[in-house]
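Asker: Chain residues, written in single-letter form:
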Amino acid sequence: MKNRLTRRDFVIQAAITGASFSSLPAILAACGTGTATPSSKPSKLVVAAVQGNEDGPLKKVVGNYKSQTGIEVQVVEFPYADLFTKLVTTFQANDSSFDLCMMDDPWMPKFGTMGALQPLDSNFGFTRDSDIPTVVYDVGTWPPPHGPVPPSEQGKSPHLYGITIVGNVEMFMYRSDKSAAPASWDEVLSNAAKYNAASFYGYVIRGKATNPVSSDSLPILWSFGGNIFDDTWKVQLDSSDSITAVDFLTRKLKKYAEPGPENTDAADRSRLMAIGQAYQSTVWPGEITGIVEDPSVSQVKGKVAYIPIPQGPSGKGLGMMGNWLLGIPKGSKNGAAAADFIKWMLKTDNMRNYVAQGGIPIRNSILNDASLASANPYFKALAASFAAVPNWRPRTDQWGAVETSYGTAMNAAVAGQLTPQAAMQKAASEIRTVMKNAGYPS
Amino acid sequence: MRSRQAAIAIRLILIVAGLGVAGFLYAFPLYWLIATSLKSKAELYQSITLFPRHPTLQPYYSVLFERGFWVLLKNSVLVCAATVLVTLAVGLVITYPITRLTVPPSLRVGVLNWALSLRFLPPVAVVVPYFAIVRTLQIYNQPIALIGIYSLFNLPFAIWMLKGFLAEIPLELEEAALVDGANRWTSFRRVLLPLAGPGLMAAATIVFTFAWSEFLFALILTATPNSQTFPVGVQGLVTQFEIIWNDMAAAGVIAMTVPLLLMVIGRRYMVAGLTFGVIREK
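These protein sequence lines are chains A and B, in that order. Using our numbering, you'd call the opening residue of the first sequence number 170 and step up by one each time. Using our numbering, you'd call the opening residue of the second sequence number 7 and step up by one each time.
Certain hints may be false.
To be verified - In silico EDC-like links for lysine to aspartate or glutamate, alpha-carbon gap of 16 Å or less:
| id | chain 1 | residue 1 | chain 2 | residue 2 |
| --- | --- | --- | --- | --- |
| 1 | A | Lys228 | B | Glu72 |
| 2 | B | Lys47 | A | Asp463 |
| 3 | A | Lys213 | A | Asp566 |
| 4 | A | Lys325 | A | Glu356 |
| 5 | A | Lys229 | B | Glu72 |
| 6 | A | Lys228 | A | Glu241 |
| 7 | B | Lys47 | A | Asp437 |
| 8 | B | Lys47 | B | Glu72 |
| 9 | A | Lys485 | A | Glu356 |
| 10 | A | Lys499 | A | Asp518 |
Claimed, not checked - Computed far set for chain A versus chain B, every beta-carbon distance over 10 Å:
| id | residue |
| --- | --- |
| 11 | Pro211 |
| 12 | Glu246 |
| 13 | Arg440 |
| 14 | Ala474 |
| 15 | Lys485 |
| 16 | Met514 |
| 17 | Gln526 |
| 18 | Asn533 |
Just so you know, these hints were derived from the structure itself, not from any lab. Owing to the predicted nature of the structure, the values given are computational and were not obtained by experimental measurement. Glycine included, each C-beta is placed from N, C-alpha and C at the ideal position.
Please model the entire structure based on the sequences and the hints provided.
Answerer: In structure tokens form, the structure reads like this:
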């Protein structure tokens with residue numbers, strides 16, 4: 170029994186084995202490849218993208234880039250709600266997982282304030298192109314070149330950090346086989362009343378809490394003269410104009426809306442339009458290309474028209490920017506190659522090919538190209554919306570918290586749980602606290 | 007006599023009806039999932055139908071190849087298999103001494119209670135510190151990060167199940183091997199392990215299944231398809247403007263099939279694994 174282990178020996182060896190397993194991750198990590206070293210011409214660029222109609226065309230054109238340059242572009246998709254969190258996490262860690270990132274334009278203040286992106290103008294020589302609307306460059310610039318600037322960002326020199334690749338601007342759609350285009354929100358209401366019928370809704374409210382209802386209601390709020398902030402960051406949600414706008418949406422239009430509008434999101438709205446059960450609503454270009462004008466699913470192709478947001482009592486019809494931009498994270502070790510890819514995407518010929526794959530362009534020459542109008546019936550309205558200079562959501566790094574308060578209160582108003590006045594007072598109070606705590610004038 | 011028979015018949019009918027309703031409630035969502043996975047996008051935009059009008063496997067092709075989920079499927083299998091190996095290995099290292107050697111009862115109870123406490127720990131309490139550790143070790147977005155945390159969280163199951171199995175194997179068998187000249191390692195490998203096979207199989211099946219369906223850590227600790235697991239991909243089918251129901255249903259069927267097959271193969275061991283040692287404390 171010379172080789173027999175004693176119990177003491179066995180326990181000691183078991184402890185050593187256990188410790189070995191505990192350190193296994195560290196050992197394997199040390200043996201791993203680690204992060205890539207910088208390279209002038211990488212073999213691959215990794216793009217963090219939003220999953221859906223917004224990144225679908227991008228995925229279709231990256232093959233062309235590889236055939237022309239030899240560089241593979243890997244598009245890594247995340248759902249809308251997760252992409253922002255994933256990017257923040259990546260930026261905070263200065264991680265090099267992504268060479269490019271798609272960003273919804275309201276995220277620019279957060280990323281700009283964090284210093285998370287590489288400047289495209291000073292680092293990579295990007296200049297403004299006269300064929301691309303000025304507002305497209307403005308929305309990718311931080312600090313914002315006009316409008317109120319967050320206190321912490323005042324005095325900093327603006328730089329371009331993102332270029333739009335999805336020219337989303339919120340517009341309006343209606344059944345053009347039934348009526349002429351509404352010129353004002355009053356006409357929207359009268360048409361809603363006129364065409365509302367059993368299983369055919371006069372208006373579709375995208376009323377799901379937070380981002381959906383916020384996006385749906387802000388163009389109405391602005392067109393009625395309301396706002397979230399004034400030019401000095403003073404909260405305006407409980408002003409009479411704002412409350413009138415909310416009352417219009419959540420009481421007057423709601424009479425002709427689909428059942429349960431407080432749970433309706435864009436997918437439900439597009440479906441109702443596509444199956445011919447709705448008359449009108451606001452709309453994003455992504456819904457048009459992916460659903461309403463998709464002949465494989467839509468029963469109303471050719472029966473829907475698209476116009477800029479109708480005018481409100483303020484005399485203006487203000488659409489909302491929802492551009493998706495491409496930026497280069499500071500952690501990327503392939504900044505120059507990533508910038509080359511953005512420049513490639515912006516070339517007119519490449520953008521035409523991108524449009525052929527369902528992409529939403531930003532070049533005026535493409536938006537106003539008559540040969541593309543029949544296949545893309547919303548181009549004219551989109552060009553007009555860009556020309557009218559749509560509003561962007563307030564350029565504050567606190568936008569996430571602001572949208573949560575506003576979108577939650579709006580949802581309660583749509584559901585009928587709060588009166589328009591109570592909802593806006595609640596949202597205004599919460600937002601004042603958030604902004605005050607973040608150092609903004611309250 | 008007749009009334010008693012009638013009462014029995016009524017009771018039988020009620021039981022069968024109750025079981026039928028329960029069966030329907032259980033099976034219908036599964037049927038709906040499979041039926042939806044066989045519908046085209048165009049069909050989903052038409053009126054809702056109980057049966058697919060034009061059944062198609064396109065959603066499966068879309069999920070696995072067009073969306074590239076087969077890579078995530080491969081990652082899931084890799085991560086879960088590695089988790090099973092690590093968990094069982096560590097589980098055996100911990101369980102063997104407390105079941106086969108003379109250790110103070112307080113140590114045995116302490117180890118078992120510690121293992122149990124791990125299971126009661128809500129994952130959300132660990133996610134932030136673990137994320138920090140992962141970043142420090144530079145294993146963010148690598149499968150090893152998931153294998154580590156999955157092994158930790160599944161260790162209690164393995165310990166408690168293996169404890170029951172090992173305790174059932176007579177000590178005399180090992181002692182006979184030792185008397186015949188085998189050392190402790192040989193007797194463990196040649197005598198104990200083969201006898202503990204069913205227990206290991208049961209523990210492996212459960213650990214694999216739990217790791218397979220984990221979502222929170224997979225979402226936070228991964229960034230690209232290099233390490234993302236299948237559940238992370240599935241949730242991406244709810245997009246901002248569209249819920250891709252048929253693809254999501256196809257992904258659900260695929261996600262369900264792997265652990266289901268494993269359960270079918272290992273169900274005999276699992277029942278034993280879940281009941282062994284629950285009556286008797288050795």
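Asker: Each of the hints needs a verdict: does it hold here or not?
Answerer: Going through the hints against the structure:
no.: 1; hint: A:Lys228 x B:Glu72; verdict: holds (11 Å)
no.: 2; hint: B:Lys47 x A:Asp463; verdict: holds (11 Å)
no.: 3; hint: A:Lys213 x A:Asp566; verdict: violated (32 Å)
no.: 4; hint: A:Lys325 x A:Glu356; verdict: violated (45 Å)
no.: 5; hint: A:Lys229 x B:Glu72; verdict: holds (11 Å)
no.: 6; hint: A:Lys228 x A:Glu241; verdict: holds (11 Å)
no.: 7; hint: B:Lys47 x A:Asp437; verdict: holds (14 Å)
no.: 8; hint: B:Lys47 x B:Glu72; verdict: holds (15 Å)
no.: 9; hint: A:Lys485 x A:Glu356; verdict: holds (14 Å)
no.: 10; hint: A:Lys499 x A:Asp518; verdict: violated (29 Å)
no.: 11; hint: Pro211; verdict: holds (15 Å)
no.: 12; hint: Glu246; verdict: violated (6 Å)
no.: 13; hint: Arg440; verdict: violated (7 Å)
no.: 14; hint: Ala474; verdict: holds (19 Å)
no.: 15; hint: Lys485; verdict: holds (26 Å)
no.: 16; hint: Met514; verdict: holds (21 Å)
no.: 17; hint: Gln526; verdict: holds (14 Å)
no.: 18; hint: Asn533; verdict: holds (25 Å)
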